[in-house]
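**Student:** Turn these sequences into a full structure, and let the hints guide you.
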Amino acid sequence: MADNPGHSHMQDFEGHVHAVEADLEYWRTKRLEPRIFQLHRRGVLTLYDLLHAAADHPAAPAAPHDAEQDIEIRIRALEDGLDEYTRGINLISIDEADNPMVIEDTRKERGDYDDFFRIAKPPHGGRLGDRIARLETDLREYKRLLEVVTHALLDKGVITAEQMERQCAFLEGRGAWNGARIVARAWVDPVFKQNLIARGREAVRELNIPPGRLGKLGVAENTAAIHNVVVCTLCSCYPHDLLGDPPWWYRDDSYKECIVRDPRGTLADRFGLRLPDDVEVRVYDSTSDVRWMVLPDRPSGTEGWSEEQLAQLVTIDSLVGTAPALSPASGQNDC
Amino acid sequence: MNTNTSEVKHCFQVGDRVQVKQTSPAGNPRTPTYVKGKNGVVTALHGTMVNPLDHRGVYPPLCSVLFSVRDVFGGTSRDTLSVDLHEEWLVEL
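Chains as they are written, first to last, in the working numbering: chain P, 390 to 724; chain E, 1131 to 1223.
Derived by calculation from the structure, the hints in this document are not laboratory data. Built from N, CA and C at the ideal position, the CB exists for glycine as well. Do not rely on the hints blindly, as some may be mistaken.
Unchecked claim - Covered, in the sense of this in silico footprint (three residues per stretch, anywhere, with C-beta under 8 Å from a C-beta of chain P), are these stretches of chain E:
#, stretch
1, 1158 to 1164
2, 1169 to 1182
3, 1186 to 1196
4, 1211 to 1221
Stated by the list, open to error - PhoX-like, lysine-lysine: derived pairs with alpha carbons at most 20 Å apart:
#, chain 1, residue 1, chain 2, residue 2
5, P, Lys532, P, Lys510
6, E, Lys1166, P, Lys645
7, P, Lys645, E, Lys1168
8, E, Lys1151, E, Lys1168
9, P, Lys497, P, Lys510
10, E, Lys1166, E, Lys1151
Stated by the list, open to error - Computed list of chain P residues with no C-beta within reach of chain E, every gap over 10 Å:
#, residue
11, His405
12, Ile462
13, Leu480
14, Arg523
15, Glu525
16, Glu554
17, Pro579
18, Ala712
19, Ser719
**Tutor:** Written out as structure tokens, the structure reads:
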């Protein structure tokens, strides 16, 4: 499951396709469509506004998919398409000051607390080629709906182009790199580390990182006796305003179920992380009020390294606790 | 922004043994099903969170409670689960 981003060749087509299927449906059923219902229920943006916007902004003709094309190229195109889709959803997820939609409302409306309200997901499965073809169709339709919603929000003045530009700048400013800088500073500066564990978000200001506003930051420090791992079983809370998005499987139900029932086995079987018997595995189930990150161990063999060099060893998986930080021998993190 | 724990009165202290209620009709919905009815130990006090991006109003004070995987799911695991719970879900043992 550990996914190696970058430009190496794909080893596992099934794994990549499964990741796209799971994450695409997460973003559709948890992030975009509940928001449309929410706006419709409150009369902010009705389904009829969507009809008008669709008529006013016709879809560009779809480029035909070439089923003969190399399978790796098609999967990469799906991954890129999914990135565009998630970025587009984040861009329009802006609240008006005088009409706030708190996240807790969204969680209720999308069925985090009651299966009755969940939006059904299509069955996946079948041959790899069929799954890819189906994803190509789904993604095209999902992106079209997002495009129509975006036009409708702008046409109706619910959000403005300036707000979207600000949101865009905000999204670019966050990311796992902030997490890497925070961890590297904690490795070299014990006072910063104590401050980070005690005060969370406030401490990151000294790195000129915006601390974000989503609840309290919990920092679970790995030690010789305890290895920490983070999950959010009810939804997918994570300090993403500070650290950027977690790995895709963080949002996947099978990860949430397995990691609490069998933390040690899940780390070993899914992530290839085998921990000694005398190390306790401690799972932090995040809520929206305290969002947890793991402070991984500093790899040995890094004595005398600069903060900049150390930061290269911190991966998004190590911030969740499903992997250690990279060792100096394993090369540098290219994401 | 978040308030500080110092100005909030917690009903529990670090080290208290607590049981999670099966239901809390007026309680906030963010208590995972798997810990309901289970016993754990309070390990941290977070105070009352004012978190307007996430929820309106103010929830009761929040505690981290540590459970053992063995108590929650059975088996022989020595591993642990740290779950953040609002006090209206907890009773002292």
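**Student:** Work down the list of hints and note, for each, if the structure agrees.
**Tutor:** Hints and how they fare:
1. Counting residues of the stretch 1158 to 1164 of chain E whose C-beta lies closer than 8 Å to any C-beta of chain P gives 4; at least three are required, and the coverage claim holds.
2. By the rule of at least three residues with a Cβ nearer than 8 Å to a Cβ of chain P, the coverage given for the stretch 1169 to 1182 of chain E holds, with 4 such residues.
3. Check result for the stretch 1186 to 1196 of chain E against chain P: holds, 5 residues qualifying (beta carbon to beta carbon below 8 Å, three or more required).
4. Using a Cβ-Cβ cut-off of 8 Å, 4 residues of the stretch 1211 to 1221 of chain E lie near chain P, which meets the minimum of three, so the contact claim holds.
5. A distance of roughly 16 Å separates the Cα atoms of Lys532(P) and Lys510(P); the hinted pair therefore holds under the 20 Å criterion.
6. Restraint check for Lys1166(E) and Lys645(P): satisfied, since their Cα atoms lie roughly 17 Å apart, inside the 20 Å limit.
7. For the suggested pair Lys645(P) and Lys1168(E), the alpha carbons sit about 19 Å apart, so the restraint of at most 20 Å is met.
8. Taking the CA atoms of Lys1151(E) and Lys1168(E), the gap is near 8 Å; set against the 20 Å cutoff, the hint holds.
9. Restraint check for Lys497(P) and Lys510(P): satisfied, since their Cα atoms lie roughly 18 Å apart, inside the 20 Å limit.
10. For the hint linking Lys1166(E) to Lys1151(E), the alpha-carbon distance of about 6 Å falls within 20 Å, and the restraint holds.
11. The Cβ of His405(P) lies farther than 10 Å from every Cβ of chain E, with a closest approach of about 30 Å, so its non-interface assignment holds.
12. No Cβ of chain E comes within 10 Å of the Cβ of Ile462(P); the nearest lies about 40 Å off, and the non-interface call holds.
13. Residue placement check: Leu480(P) keeps its beta carbon more than 10 Å from all beta carbons of chain E (closest about 17 Å).
14. The beta carbon of Arg523(P) is kept farther than 10 Å from every beta carbon of chain E, the shortest such distance being approximately 33 Å.
15. With a least beta-carbon separation of about 35 Å from chain E, Glu525(P) lies farther than 10 Å from that chain, consistent with its non-interface assignment.
16. With a least beta-carbon separation of about 20 Å from chain E, Glu554(P) lies farther than 10 Å from that chain, consistent with its non-interface assignment.
17. Separation of Pro579(P) from chain E is adequate, the least Cβ-Cβ distance of about 21 Å exceeding the 10 Å criterion.
18. Every CB of chain E lies more than 10 Å from the CB of Ala712(P), the least distance being 17 Å, so the non-interface label holds.
19. Taking the minimum C-beta to C-beta distance to chain E, about 26 Å, the non-interface status of Ser719(P) holds against the 10 Å cut.
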